[in-house]
Amino acid sequence: MGKVSRLSRFNVASLALGLAFLYLPILILVIYSFNASRLVTVWGGWSLRWYREFFNDRAMIEAAWMSLRVAVASASMATVLGTLAAMALSRGEGFRGRTLFSGMLYAPLVMPEVITGLSLLLLFVALNAERGFWTVTIAHTTLTMCFVAVVVQSRLGSLDRSLEEAAMDLGCAPVRAFLLVTLPLIAPAIVAGWMLAFTLSLDDLVIASFTTGPGSATLPIRIYSEVRLGVKPEINAICTLVIGLIAIVIVIASLASKLSSSQGESAAPL
Amino acid sequence: MADELEGIKAADAARPGAHPATGRPLLRIDGVVKNFGAFRAVDGVSLDIGAGEFFALLGPSGCGKTTLLRMLAGFEAPDAGRILLGGSDIAQALPHERPVNMMFQSYALFPHLSVRDNIAFGLKRAGMARADIATRVAEMVALVKLDGMEKRKPDQLSGGQRQRVALARALARRPQLLLLDEPLAALDKKLRESTQGELMELQRRLGMTFIIVTHDQEEAMTMATRIGVMDAGKLVQVASPRELYEAPRSRWIAQFVGDINLFEGELQSREAHRVTIATRDAGTLVVAEPRAPVGKTTVSVAIRPEKVKLSRRALDGDADQGPAINRLEGTVSDVCYLGGSTAYKVKLDAGGTVRSAIANTARRDSDAYSVNQRVVVWFTSNDCVVLEQ
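If you read the protein sequences in the order shown, they are chains A and B. Each residue of the first sequence is one higher than the one before, counting from 32 in the numbering used here. Each residue of the second sequence is one higher than the one before, counting from 337 in the numbering used here.
Everything labelled a hint here was simulated from the structure, so no lab data went into it. Glycine included, each C-beta is placed from N, C-alpha and C at the ideal position. Some hints could be false.
As the list claims (entries may be wrong) - Which bits of chain B does chain A cover? Going by a derived footprint, with three or more residues having C-beta under 8 Å, they are:
#	region
1	423-434
2	454-462
3	615-621
To be verified - On the chain A side, residues computed to face chain B include the following (Cβ under 10 Å):
#	residue
4	R80
5	E195
6	C203
Bound-form chain A, shown alone (with noise of 0.2 Å):
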């Protein structure tokens, strides 16, 4: 390593610019979470009251669960679901309409949400499908599955083919080469997927919002409602709740990732 090349005054300011820019309204949020007034402009002294409050309010704790539980069981579905398509796309070299099949797999990562809502509710319309937890997993589920074959087909694509061959050749049926090699080499990207789905599925609103029936909103759902009727320093709390969840989350499928690369380094060919 030869010079650390310095920041000069310019890049230190737009940097905090920047930074303020991202962060500055979440800090605010955290702060006021922690305000012991009614009044969500008013600074009051330090209190948790408002944490306390949201550990009383049933609706809240429900939608909450709500969430969590949509967000386990659509970010697993989607993992299983994302691998294979992975899987299936940088195996198959030879298959036609290759090309068009991964695009196809891509396309939902910039089809807006709104339009992926729409057509879903009227699936499960057209369906006759009870709108409710199940509604909402799955389509949470269309949506983050892609995530995780994008994830999961790069670290597959950094992998020698070879290795599995190898596998099969020192004496493993097909299945059993890709337990015991490909896996446990995918493995961090699988869980890093797992985690973006999640993440995903905890914040959405607008999907969610499309697909869900009554009784069983997910948190971002009741927290979008109760801000219509005025802003409750509750929500603040909550609010930084989900996003002390979100940066654990994020830390980890980093991470993953961090790990899935550096191995990759030597899985690669010399």
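Mind docking chain B on chain A? Use the hints.
Coordinates of chain B only, in the frame set by chain A:
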């Protein structure tokens, strides 16, 4: 030439392609064809390989040699033909059902497993007892001289060490046939040379049958007892290194294996044991009669540079008995000192250019020729070959 070739052939016959006891080869490849879409990668290859042979498949990239090897390992299924190993057809068997192991060009070491677990991987799959696995792994580690490295992960090893782990892992199951796909391509020159020697030594000691795929003709010549040259999916010649070099079957093989001078010409006359060929740019040459009678009239005369000698003045006296001597006059146009030998290019008065490699047997260069020097190029009729294709 003819007698000499017979000698080469006889030496080859001493190296059996067939199993000594049963007379049956260990491996018989019979009319194997493999297509990838419209592209025919392997085009009707038939080949017998005996137990204990060190066989090299040699060819330029894209000639189908790796596809053939992958069919032996079971990663590709042939579209036609049979692959008989010890008498039973394995052409459609899956990789894990074959008593064959492969060493991959990328080594394909499992990055999440230690050296020990990499070597033990195949043994565990074979259901070997724990104690036996430990013994075999220790044996393999000693064999490839990796003592003390057992607990390391592949990314903590050097290129040469990884190559050894890959070899140990492939040998651990004691396969009937070991396939090596460009095993030395990732090593630097010095390491490659010493590893070549170690591989040969190992193969002799274990008495195992090795099939190596390489695009490096020097590597094939050094290690293999027999070489199969492939071009465009076809096996164009199977021969010992010596026969391949001294009696290539076609111009393409002659040029692919080593350096060679080629002169095209018309067949003029046939005398006792020799033919005369009028070449386009090297005058009239006398060549010992080839084994197979020459069918065509347009042929090529091929001669290796190290068999082309130079002289300062015309040699006098032609031997009535013994080989005829071809003499060509020319001017040295290029001199390239290579240490062990010196490569000369001589512009012939007849128009062509001939390359000559002369061993530097003395430290003083009193014998050296310089650019623009007039020389006589000479070689005997036994030193060149007539090629039809």
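Evaluated hints:
1. 423-434: Satisfied; 3 residues make the cut.
2. 454-462: Held - the region 454-462 of chain B has 4 residues with a Cβ nearer than 8 Å to chain A, which meets the minimum of three.
3. 615-621: violated (count 0)
4. R80: violated (50 Å)
5. E195: holds (9 Å)
6. C203: holds (6 Å)
The structure fails hints 3 and 4 (numbered hints given earlier, in ascending order).
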